[in-house]
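Trainee: So you can see what is in the structure, the chains are spelled out below.
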Amino acid sequence: MKLAELSSLIRSKNAGPFVLTFDIMFPDDESYQRVKRAGVLSPKKFAELFHCSENIVQFFECDNARAFKFSIPRPTSQGDLGDGDLHGGQQYVSLMDIEVP
Amino acid sequence: MDSEIRYVAATGALGVGVHVESLEKSLEIEPAFIAADAGTTDAGPSSLGTGVPAFAREAVKRDLSALLSVTRKAKIPALIGSAGTAGGDPHVDWVLDIAREIVREQSITLRTAVIRSEQSKDYLLRLYREGRIRALDPAPPLSEHTIDRSARIVGMMGVEPLQDALEAGAEFVLAGRCSDPALFAALPILRGFPAGLSWHAGKVTECGTMACEGTRGGVLTATIRHHEAVLRPIGPGLRCTPQSIAAHSLYENAHPYLHKECAGTLDLTHSRYEAIDTSSVRITQSEFIPAADYTVKLEGAELIGYQSIMIGGIRDPYIIRRLDLWLGDVRSYICKLVERLLGIAENDWKLVFHVYGRNAVMGNIEPEMAATPHEVGIVVEATAATQELASKAVQLARQPFLHHGVPEWMGGITSFACLHNPAHIDRGPVYRFNLNHVAVPYSKTEMFRTEMIELGK
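First to last, the sequence lines map onto chains W and G. Using this note's numbering, the first residue of the first sequence is number 698, and each one after it goes up by one. Using this note's numbering, the first residue of the second sequence is number 47, and each one after it goes up by one.
Be careful, since some hints might not be right.
To be verified - Incomplete in silico selection of chain G near chain W, CB under 8 Å:
(1) R172
(2) N299
(3) Y319
(4) E392
(5) I411
(6) T429
What the hints assert, rightly or not - With a Cα cut of at most 30 Å, we get these calculated DSSO-like pairs of lysine-lysine:
(7) W:K710 x G:K306
(8) W:K742 x G:K306
(9) G:K119 x G:K107
(10) W:K741 x G:K306
(11) G:K490 x G:K167
(12) G:K71 x G:K107
(13) W:K699 x W:K733
(14) G:K71 x G:K121
(15) G:K306 x W:K733
(16) W:K710 x G:K396
(17) W:K710 x G:K121
Keep in mind that the hints were calculated from the coordinates and are not lab data. Small disclaimer: the values here were computed from a predicted structure and weren't measured. From the three backbone atoms N, C-alpha and C, an ideal C-beta is built for every residue, glycine too.
Required output: the full structure, derived from the provided sequences and hints.
Mentor: Structure representation (structure tokens):
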């Protein structure tokens, strides 16, 4: 099953002008725990999908919110020349197709 | 000592539209104050750079008018933070002018504390030379030159200047750039309620009903006690659930549990969220860890240049299947034209193509680069030292876009569908954020200047 089908929300957003943060949320504990157990989300996986170094990826498993969170430095700071997404809101798409066994 | 303090968050952003009916109803809980955040960096660096707010004056006036009317009726203070989007002096003056107008129209008087947070360059240079400006991670490079070339720099205040204003009897606190939760945590902390719960409740309420499930029309209330904070929305169909509150604590923050403020760090690692009924949530065990040094976050914007753009599209599959090559040829042709006719070398201006339908949104991380779109939209964007040069550069770009051909067609084609006439749009000055740093001031209040004004007298 794909991550997008299991989750209730996948989103990205600026966390200030210099950081992008990604939240993946679930409708129930079962689907959250299924993804957590499968171990398909990791800094390494994120780095592959987003063509960045694993070292700059922060990853959090937040049981109380049934959520995973990734944060990375913004490739271009918010609103600087070449930035195509001022609010950082449309950067999560690569996470949607991650296969969850 | 009081056993609890109650307050209302009128809206997540002043100017987006206060739900007046819910705001009036919220007086039933007998709040100690009503506050609303009025700014954000999320709007981008332009507001800070230009001094122009990102919301329409009419929209801010409507919301502020509702807020002042309700708080005067209940004789409780109203607080506005990050006035006019960026919280610099022109932004504060803009909201103050609106407040004066409202006071006249409502025939009221208003003891107003205006707290300014714009920083002088001399003061910041002194701090910098004394090693009192520290980089956050990640931070752009900082030198004296960074401070010098900034269009405007603001410091983000914590609870202390707000508390001083409330203690001085302010009926309306009009604050420049301000930590969003500080606006809500100031009075509870002043009255002796726990900092962890006060900051956490502030963190949730600063976005208004965004932390709730259901429709967005309404207000969010908080009750802070010595061992718990309770969040309850007022508005049709709105409810807080443990997950909606826990999830909101993650929103727009790099770290899910740690939130840095001037005086320390809000730590949500052990926070517990429990449903009280179908719409209220109890928070317990949130902690505030005091920092060794009091720090004030700085936000700065500097001019990049002046911009002009042209919008158009391409539909021909012969062009689209070799788009990168085609665009590369067009780019070098434009750069040569600009150098020859305007005398600007390629390094002295910036030409960016945003190719919608390909990778305009995600840039280098776009996963579908192998797909061939049937149509692409292109924003041709020139940035130069003056508006005149940027406009002329885009005017010069039009002919190469229109007439650069492909080998499949014998003879001239028109390759680019311009959207507008004139094809170019002048965007004026454009800015970038140039600081992600904190200042270590000598005192907690020296970076903020408070003035008490009696409006309506």
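Trainee: Each of the hints needs a verdict: does it hold here or not?
Mentor: Evaluated hints:
1. Nearest Cβ of chain W to the Cβ of R172 of chain G: about 25 Å, over the 8 Å cut. The hint is violated.
2. Satisfaction of the interface hint for N299 of chain G is found here, the shortest Cβ-Cβ separation to chain W being roughly 5 Å, below the 8 Å cut-off.
3. At about 6 Å, the closest approach between the beta carbon of Y319 of chain G and any beta carbon in chain W falls short of 8 Å, and the interface hint on this residue holds.
4. Contact between E392 of chain G and chain W, as hinted, is not supported at the beta carbon level, the nearest pair being about 15 Å apart and thus beyond 8 Å.
5. The criterion of a C-beta within 8 Å of any C-beta in chain W is met by I411 of chain G, whose closest approach is roughly 5 Å, and the hint holds.
6. A distance limit of 8 Å between C-beta atoms decides the matter here; for T429 of chain G the minimum to chain W is near 6 Å, and the interface restraint holds.
7. The straight-line distance between the Cα atoms of K710 of chain W and K306 of chain G is roughly 18 Å, inside the 30 Å bound, and the hint therefore holds.
8. A hinted pair counts as satisfied when its Cα atoms are at most 30 Å apart, and K742 of chain W with K306 of chain G qualifies at roughly 28 Å.
9. In summary, the hint linking K119 of chain G to K107 of chain G is supported, as the alpha carbons are separated by about 18 Å, within the 30 Å threshold.
10. At roughly 27 Å between alpha-carbon atoms, K741 of chain W and K306 of chain G fall within 30 Å of each other, so this suggested pair holds.
11. For the proposed pair K490 of chain G and K167 of chain G, the alpha carbon gap of about 19 Å is at most 30 Å, so the pair holds.
12. Under the criterion of a C-alpha separation no larger than 30 Å, the hint pairing K71 of chain G with K107 of chain G is consistent with the structure, at around 21 Å.
13. In summary, the hint linking K699 of chain W to K733 of chain W is supported, as the alpha carbons are separated by about 14 Å, within the 30 Å threshold.
14. Between the alpha carbons of K71 of chain G and K121 of chain G the distance comes to roughly 15 Å, so the proposed pair stays at or under 30 Å and holds.
15. For the proposed pair K306 of chain G and K733 of chain W, the alpha carbon gap of about 28 Å is at most 30 Å, so the pair holds.
16. Of the pairs offered as hints, the one joining K710 of chain W and K396 of chain G holds, with about 27 Å between alpha carbons and a cut-off of 30 Å not exceeded.
17. About 38 Å separates the Cα atoms of K710 of chain W and K121 of chain G, which puts this hinted pair outside 30 Å; it is violated.
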